[in-house]
Amino acid sequence: MPIRRRCLITWLGLAGLTSPLLAGPRPAGAVARGAVRIHGPKVARELVLDDAALAVLGAEDLATRTPWTEGVPRFGGVPLAKVLKAAGVAGGSSVRAIALNDYAVEFSADEATAKSAFLARTMDGRKLTVRDKGPFWMIFPWSERPELDTASVQALSVWQLRELEIH
Amino acid sequence: MSGVRKAWRVWVYGLLLLALGALGADAWRGAEIVHAASNQSRIYDAATAWSIMQARYELERFREALARHVAGDPGVPYDDVRERLDILWSRVPLLTKEAPIAVEIDGLTLAEAQAVAEDALEAIDPELSGRASARGDLALLERVTAVLEPVRERLARCTTGFVLTRQRLFDETRRTILSTERLHNTTFGGFLAVTATLLALALAEATVARRAEAAAVASEQRFKHFAHSASDWLWETDADLKLTFVSERWRTVSGLREADILGRRLTEVAKPTEEAAGRRYAADLAGHRPFRDVVLTGRGAAGEPRMIQVSGSPVSGPDGVFRGYRGVGADITDRLGQERRIRFLARHDSLTGLLNRATFQEHLTLAIDAAARDGREAALLLLDLDGFKEVNDTFGHDAGDALLREVADRLRGVLRASDALARLGGDEFAALVPAGCEVEGNAEQLARRIVAVLGQPFAIGEQEARAGASVGVALCPSHGHDAEALLKAADLALYRAKQDGRGRYRLFAPEMGDELRHRRALERELRRAAERGQLDLHYQPIVEVADGRLVGAEALLRWRHPELGPIPPSLFVPLAEETGLILPLGRWALERACRDAAGWTGELGGLAVSVNLSPVQFAHEDDLAGEVAKALAASGLAAGRLVLEITETVLMRDQPAVMAAVERFRALGVRLAIDDFGAGYSSLAYLRRFPVDKLKLDRSFVRDLERDPEDRKIVGAMILLGQSLGLETVAEGVESQAQLRCLADLGCDQAQGYLIGRPMRNADFLRFAAFHRRATDAVRPGLAAAVA
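Sequence order for the protein chains is D and A.
Start counting at 1 in the first sequence, then tack on 230, and there's your number in this note's numbering.
Start counting at 1 in the second sequence, then tack on 33, and there's your number in this note's numbering.
Possibly wrong hints are sitting among the right ones.
On the chain D side, residues computed to face chain A include the following (Cβ under 10 Å) [unchecked claim]:
id, residue
1, R326
2, G355
3, D362
4, W372
5, T380
6, V383
A partial selection of chain D residues facing chain A, derived with a Cβ cut-off under 10 Å [stated by the list, open to error]:
id, residue
7, A285
8, V286
9, G288
10, R295
11, I328
12, A329
13, N331
14, Y333
15, F337
16, S338
17, R356
18, T359
19, K363
20, W389
Bear in mind the hints are in silico, worked out from the structure with no lab data behind them.
Idealized CB from N, CA, C, for every residue including glycine.
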């Protein structure tokens, strides 16, 4: 297992060099529409999560019901933990998730990781638009872990996500 | 004993029966409390209010983004507007999905509000999604605002509905708890001694009641937290209408401290803005009736007026006694300010703040009607800047805009408050002096003042520029009975002022129309002259003063009209320059002159041809040097035989484009002559900067050469100047032997004029040249001797 892990890290690092994943210092506001900017004093590498970055990180699936949708849609996206790791966010950090309409909610990175927070980009194969809570929507595996179906976890389900500010 | 025991039993059973009944009632009430309490936690869930408020908030943000985009705010690109629309779209389904309680007010439910919102968005969506910009589209903004208005209104009512529903349910629950406690206390007091079970049950019930109240308080806190963060605010008064609570939002917006607001009467803090609505509002307050969307004017921390929109409903205690008001409010100062600004923009020119064309037209129509009614005159002044284009070209568009603003300020300074002042577009302004006594004298005086103030130099950065203005004046009703006729008359007068040399004003006269018609006809004719072969080039010979040898000829444009005969260049060249016809004419003349000169072969092989270039060609021909190169290539004429004559004014403008063109002429090997040297404002600086070969002395100096010693001194100085800079000098307009001798004495190199030869057709010139050559060969020694 250690070998495979090293391979993955190397691959991620190489991919990062030639992909938009590693954004480097970019002025605030320069991020294109349809992307989430991960920045703040506690990130080692500022990054921009867009479709290209998602492809590099490896898109995953999550089938779950949500309080806002019908049935059990299949979401495509990436676990928050993976994104924070790619940005080099240390444990014990605090995350401020900011939406397009300036709605903001703050939570601990460890807590969100423990609750398997997931950044969804597609729903049933279709890309989420601003009109249906896209381009990125933070959801939780409510079907698999019903104990997460609480008001406080729902408050963390930021949609139309624009920035993750790490403190 | 048994009777006593029986009686006791009856009492005990009776009491137990009563106790059971009370217990049953208590249990029933308890179940109700639990139900109400659980309902409560849902009711007070801030989600309901949150979803309504967020929808209102996103609606306003979308509308604001669109308004700012339309108004030209560079910080709001159209993509932002579309994003706001998308966010608003995403909020609408949440109205019912996120709101756990069914808000209902006067038959309006959230589901209905949602349906109205969906319909409205469907209606405007195609128009908004299918475009890339909406800058200046006030009509769109109005349409969108109109379509969204019912949505705004429904959501506002839902907010009020929510506050009312929430308050009703809260009061109901509290009443239930209180009355249950009373009932319970009676029961408990009466049967404490009878049964311990009852006590235990009662204690359990008291716990339930306490929990329910704690839950209510917790929700209340959550609600307060929400109230502080929402974009609208909540407020409460006591029975004297003194404010007992306002959410933080009001203080944030107004900058007021809590102490400034709390304890003051609602009616002192803000007063109704409109009279009729104010009376209704006062009556509602006096009658303890609800009121909705009343606009009040209050003051912010800095004393600035703030417009707020409030709705409220009376709150009664459990006893039905009026306890005060509770309601919502919103600060609409910014929104109103923006609306005012948009209304202003629609009626005014955004650059200068003067009236725009449409508004001015309204004023004009009104003034004409007033003039007709009172039998008195009104005056219309049209003006435009003479040098605006130059300022724009030389200093850039920002300087041009600054100049227009400065012009507007100066005009405001000379006009009276009753006069209407507008910018009609570009550098065109208009002023209207409404009907009054002695308008004609006033209007002329005003026109004079306008010409004077705009004739003063303008500071542009650290430099100065002169713009100057021409003014046309027309009077109503003498010069026109309607706006169109009056504008046309003023325009003709303005045109005349420009014709007469700019920087002046002209009062309309009926013959101005005829003149213009004549010029228009001439322009039409000139347009067709080239196609119809009415244009020709004539050549006027240029000779060496010292030995009379022919060195070249100046090409001169001629127009022979089939009916009018020859039309003098002094008449049609300015017309061609004004209308832009000079560009095709100039190209034609250049090509033709090169082609003709290329035909001067044999003995005439060394003769140069001079072609005049108009300042307009420098300013508007895209690639003047390219045209010259093309004419040379097409004709095969050696570049050294072409002389381009340029007037001083072209070089004086000092534009990089002129410099570049002159350098390319040099690179081609073409020679350059300064035409009419000494006639304009001569600045010797440009002679150093521009690589010129010849100076052509203006004919006005040559005319009186032999009589006027001053002219002789000037010509002598110009020739010396030419010699010291290594330039050839050519005298124009030489008509007598005396003049020629004089020029020879002063050392002038070449001469041109009727004495040597009039301008003539190419064929005639060829004959002239051949003859002249033979003649000078024969007489050269003699002429040289005479000159010496």
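Going down the list of hints, with the structure as the test:
no. : hint : in the structure
1   : R326 : 15 Å, violated
2   : G355 : 20 Å, violated
3   : D362 : 7 Å, holds
4   : W372 : 15 Å, violated
5   : T380 : 12 Å, violated
6   : V383 : 14 Å, violated
7   : A285 : 24 Å, violated
8   : V286 : 26 Å, violated
9   : G288 : 28 Å, violated
10  : R295 : 14 Å, violated
11  : I328 : 13 Å, violated
12  : A329 : 9 Å, holds
13  : N331 : 5 Å, holds
14  : Y333 : 8 Å, holds
15  : F337 : 17 Å, violated
16  : S338 : 20 Å, violated
17  : R356 : 15 Å, violated
18  : T359 : 7 Å, holds
19  : K363 : 6 Å, holds
20  : W389 : 7 Å, holds
Consistency note: the structure conflicts with the earlier hints numbered 1, 2, 4, 5, 6, 7, 8, 9, 10, 11, 15, 16, 17.
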